[in-house]
Each structure stands twice: as structure tokens, then as C-alpha cells.
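The first sequence lines up with residues 0 to 138 when you count with numbering that gives the first Met the number 0.
Any given hint might turn out to be false.
Unchecked claim - DSBU-like cross-link-like pairs, simulated, lysine-lysine; straight-line CA separation at most 30 Å:
1. Lys51 x Lys76
2. Lys54 x Lys74
3. Lys76 x Lys44
4. Lys75 x Lys44
Since the hints were derived computationally from the structure, they do not count as laboratory data.
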Amino acid sequence: MQEENIGFWSHASVQIDSVVTCNTKVSLISMRTDHHIDSSLDGYKWSKYGQKLTKGNSSLRTYFRCAMAPICPVKKKVQRSAEDKSVVVAIYEGEHNHPIHSNCKESIQNHLDDNSVKELFCNAFLNSFSTNVDLELSL
DNA sequence: CGGGTTTGACCAGCGC
DNA sequence: GCGCTGGTCAAACCCG
């Protein structure tokens, strides 16, 4: 568990909680922000394969898998918190087994123009994985 | 035309 | 066995 405060996002904070179940790493990331969260902003390219209206939460849950599949087994689920709609909860399942997508490096740089904030943001996400890949981020 | 997204259908697991 | 729910599939659709 770790927390990062990111000034770029108004009133934003990132809370990360990771557990390992059945050899699959599951990371729960909750972020308070009013900004739209780009699905590729965590440095990987995702493809959406479904969305559901779940019981007990009026917000849609969206399902993504890593676009590097079938090489990469990682999936993520994204849903706004039932209690606080300004909180985005992302559940990552599995670990990436490939380098970060080169296009995503540019995506991050386009979205975040302040270097210190960019570093905080990237670290908050990337530290949630025990990846051994070469990230090559030019922060 | 190709790749990504949308969305209803389908399937599996679970509780009763 | 049946119904409910979450997760996935895949055809249709959209957009560059």
C-alpha cells in the first residue's frame, strides 16, 4: 500500500493496494480525480472487450485487456466508486511480460507536461507491478 | 478497408 | 434445477 499526491490532478490522489492470489498479481488502484482518465495513460495499450452495469453500483464497469494479448495476459477493470463518483477504481490482474508500448510513452508525455508530476504519476502506476521490463521512459 | 469500440447474447459459477 | 450476476464473445458499427 502506498499513496501519492499528484498536484496536476485537482484534488487528486492515488491509492494502490496489491495482493497475489493463485500466482496472479492483482492491483487495486483508486484515484480521485474529476478529469477523464485515458485508458492508455498508465503506459500500456488496452483494448476494451466489454462493459457491464453491476449490482450495487450505477456506474458502468469497463473491461480491458492488454492490446499485446495473447502475449500479455493482463486484464483490467475500471469503474467509478459507488460511494464517490469522483473516485475511479481500476483493478489490474496479472503482470505485463513485455516492454511498455512505445506509443504510450508519447501518450503520457502529451497528457502530462510537468516533468515532476509526470514522474510521480508514472511511478504510482508502474510501481504497482513487479515488472522486469525495460520501461525506457524519458521522464 | 482495417482496426478499435459498442452492445446484446452467451456462458460459468454460485446461492437458494 | 433455476435464477441471478459477473465475465467474455463476437457481430455490427464507427471512424480515420
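How the hints compare with the structure:
1. Lys51 x Lys76: Distance ~10 Å between Lys51 and Lys76 Cα, so the pair holds.
2. Lys54 x Lys74: Within the cut-off at roughly 21 Å; holds.
3. Lys76 x Lys44: Holds, because 14 Å separates the two Cα atoms, which is no more than 30 Å.
4. Lys75 x Lys44: holds, 11 Å
No hint from the list above goes unmet by this structure.
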